[in-house]
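S.K.: Chains as they are written, first to last, in this note's numbering: chain A, 1 to 130; chain B, 1 to 174; chain C, 1 to 709.
Derived by calculation from the structure, the hints in this document are not laboratory data. Just to be clear, a hint being listed does not mean it is correct.
Here are the computed lysine to aspartate or glutamate pairs in the EDC-like style, where the Cα-Cα straight-line distance is at most 16 Å [as the list claims (entries may be wrong)]:
{"no.": "1", "chain 1": "A", "residue 1": "Lys126", "chain 2": "C", "residue 2": "Glu63"}
{"no.": "2", "chain 1": "A", "residue 1": "Lys18", "chain 2": "C", "residue 2": "Glu196"}
{"no.": "3", "chain 1": "A", "residue 1": "Lys122", "chain 2": "C", "residue 2": "Glu196"}
{"no.": "4", "chain 1": "C", "residue 1": "Lys676", "chain 2": "B", "residue 2": "Glu55"}
{"no.": "5", "chain 1": "B", "residue 1": "Lys69", "chain 2": "C", "residue 2": "Asp689"}
{"no.": "6", "chain 1": "C", "residue 1": "Lys195", "chain 2": "A", "residue 2": "Asp17"}
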Amino acid sequence: MRILLAEDDFASRKFMDKQLSRYGECDVMVDGEEAVDAFLMALEDDEPYDLVCLDVMMPVMDGYQVLKAIRDIESQRGIPKSKGVKVIMTTALNDERNVKMAFELGCEAYAGKPIDVEKFEKVLNKLGLI
Amino acid sequence: MAEELKNEEMEELLEEEDSQKGKFMTFQTGKEFFGISISYVNEIIAMQPIAAIPEVDDYIKGLINLRGKIIPVIDVRVRFKMEPSEYTDRTCIIVIDVNSTMIGLIVEKIAEVDTIADDSIVPPPSLGRKEHEHNKYVYGLARTGDAVKLLLDPEKLIRQEEIEAVMEDIRKED
Amino acid sequence: MAEEFNTESMLDMFLYESGQLLEKLEGIILEKQDADCFDDSDINEIFRVMHTIKGSSGVLMYENITKVTHKLEDVFYYLRESHPDDVPHMELVEKVLAVSDFVTGELDKLKNGDTPDGDEHQLVEDLDEFLGRLKGEIKKQGIQMPQANKHEEPKQFYITPVAGDDSHFYRISIHYRSDTQMSNIRAYSATYALKEVAEDLLYTPDDILSNEASGDVILAEGFHMLLQTKSSKEEVIALIDSSEAEEINFDELTKGEYGKALAEFGREDAVTIDLGEEDKAEEKDKKKDKPQPGDYVVKTKEAGKGKTLAKNQPKQQSIISVNVEKMDALMDLIGELVIAEAVVLQNPDLKVPGLELSNFQKASGQLSKITTELQEVIMSMRMMPLTNVFQKMKRIVFDVSRKLDKDIELEVIGENTEVDKNIIEHITDPLMHLVRNSVDHGIEENAEDRTTLGKPAKGKITLEAKNEGGKVYISVKDDGKGLNKEKLYQKAIDKGLIENKLISEFTDKEIFRFITLPGFSTKEEVTEYSGRGVGMDVVVKNIQSIGGRLDIESVEFEGSEMTLIIPLTLAIINGIVVQVGNSPFVIETASIKEFVRVGEDSLIHEPSGEEYIVLRGECYPFIRLNERYDLADSISNVEEGIVVVLEHEGSQVCVLIDKLLQEQEIVVKPIPPYVKKVKGLSGCTQLGDGSIALILDIAGLLIQDGERR
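Isolated chain A (complex conformation) (with noise of 0.2 Å):
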């Protein structure tokens, strides 16, 4: 599968990365707005990603903002909910209200940092990925 991972910190980033490559391609975004960049791009080659996952505090754009933008674009283009990007929010803001709003804003899945490999694997399953 497509991966998209945003994520500004060197060191998450670099084990993230090592992470999500167990399960497919991955493609390594430093901010939020690159971030998006890249899903459009993806989208306009008809090579859309299968998740993304998305660090929350980065630079010129926000996790959440770049969640929302995900699925503006998506609504934008016809895409139905069913077929839109997985998203998983990975990040250490773990208050209740962030993440009620991330859910609102439509992500799959929120991962509260550091992040349980074991159970990042067990959501992947059931959100079909792998």
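Since the structure of chain A is already known, use the hints to place chains B and C on it.
M.R.: Here is chains B and C on its own, set in the frame of chain A:
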């Protein structure tokens, strides 16, 4: 950070323990000299106003306020069934800490800190005579210079109290 | 920094909400345990509770909880849709409680940071079997079977953060030799080497490459790193180039410490936030503000600072949870403040004659007002209703009465009564014991024993709490056998617990008190629930340790009432300082009825040496404190001293003192345990001048006085 501090503290304590080995705070009461291992001694303070507590054994003189902490003080002379003496400006309170119980010992006169080697300590002769009340609390005799010092076991001093207190309770409930 | 953001994490919220729901559930169940069936609103409520917990546990992927609640939800779905008759109510109650216990157990594991790994299979099977029978019943009764309860799999998941079990957390500090060249580059290479093994790495200063000045900072303050990794200490040390280092400090941290350290480093979890005045004002207007996309855009790093958010994060919280230890610390501090205030306001330096103090008095009045308020606030913060404690008691009555096969109704009154949190902790066990005793020993074994006495077949236990005169009364009353005085007396005599006096020489209360003697247990056989021989004496000890006492009333064949009388709070009382001889004593203001001066002619001298005082025709026992406590240099002539009339629980006693000193708030401290307990003294305190005063315990004085007579 907490970890660091703790380690340092521990080391300090260990070091202290080391340097405290064989050192005794000695004091004079009547004609006799007593010693107490310095590891039990927290500090020595001047005589303070003491709030008496009614209905307790006569050697418990009352409570003192040690910077906000309230601790009991006992008169060593009375504890050893000697005639109480007047408190003078040489009278001191040795604050000891035995298993986290803080207690002040009123003594007539502080002598000095002595180093006493383990091998110069001999067990007290058991005379089986009752009048030597303090024998209960003395675990050894040491000769330093020209004087014989009676080394006190503060733990015994405390434990004894507790047992007595419990016995008292039991007697009452009966 | 992070502590300012005491926001609830997703997991905390789940634990909190589920806990609340389960409590509510138990409430419903225990209330309706004796009914024939649940009514519609109960069924709806239980369905909803299960549905909610199922949903949220699904999102958090606690599958065993999801499965169990799912099954029970199904059961209640059928009850709700089909209203079948003849549902075995008791069995249903048991099932609900079993589920509730299971989920509670799993939540407790989560609270302790463990994995909720309880095995749900048996429970799910039981529920399945029950559901099968229920469906059969529905068919038999010819009710239309509702469509199967649809379950939606959660579509969104929350992965709770966890550090891999094999992750280690380190804090590494490197101090380079002061002549090290380009220490920032050295520091950077250290981070570079660590990035190979790091799961997370943070360092300060964090601008080591872009800012050359950071080299000086590193030389002066050292270079500090936080590292999360799977590698061992040795492996990590091997990675760090130590050639120019003077000292490398290497600490392994726990996860919690690591989190705290992260906060100190000013990192994501603990974002630096500058809240301008303006924002604060705005904040008040929009309390319900939610975070918005765009709130978390990170500004480019500034030299020497942690990451900063471009937009200020709105900060609002109506309820925060506070560590009890912090509350206790605050409480202690306020106690010290009260003492310090007294030291200042009653400072002997102020007693210089002719000193102009009017401004000082004004200012000190203001200060006193504030400290008083401060005390009230902290007290109110610590107050908690007894609801939870009473809930536990309901469960105990339920469990024990069923085990013993007794039919018992429990009435609860005043469960909203509030008491200090630390008191709640102290009374739960004693209360539990009393309730068990009532169920086990109080209520008759056979219903016939009751009906022959004209009592209803169903036993009744009343649990009541009320707040009166600065004390809390919690009583456990049953309408059972009551205490048999002769039996109690005989037993106490047989066991040698009391002196050999005739039964008629004891008052009823004294006889009832025998059961609180150590080694006394009225029941011949030891049962599972009470009567282990260590019973009432422990209850009494626990209660006494918080300054309370146990009152026992009983009428044989009609029932017993055990009342715990406990102070509202432990720490601070209003007291009047009096002097006898050279010793100051404190008397709690609430127990003082009046101060009087009496003449020698008001005294009655008994031949036995006892004395009484006659005031307005009433006769009161008289205690000379100086004689009682052997205090020297005190006034013994009644006409020169002051007589204080004290009241406790309806009994009065007059006490002779020398003079009144002042009224003040008293921070109660225990008398050091080394000193054995003196009857009539409940504690001690530090006065304004640093001296120590003993606090009189009126109840103790009265008891002691009674014993002497």
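S.K.: Please go over all the hints and tell whether each is borne out by the structure.
M.R.: Against the structure, the hints:
Of the pairs offered as hints, the one joining lysine 126(A) and glutamate 63(C) holds, with about 13 Å between alpha carbons and a cut-off of 16 Å not exceeded. Pair hint lysine 18(A) plus glutamate 196(C) holds up; C-alpha atoms about 11 Å apart against a cutoff of 16 Å. Proximity of lysine 122(A) to glutamate 196(C) is assessed by CA-CA distance (about 27 Å); at most 16 Å being required, the pair is judged violated. Proposed proximity of lysine 676(C) and glutamate 55(B) is supported: the alpha carbons are some 9 Å apart, at most 16 Å.
Straight-line distance between C-alpha atoms of lysine 69(B) and aspartate 689(C) comes to about 14 Å, which keeps the hinted pair within the 16 Å bound. Restraint check for lysine 195(C) and aspartate 17(A): the C-alpha separation of about 13 Å stays at or below 16 Å, so the hint holds.
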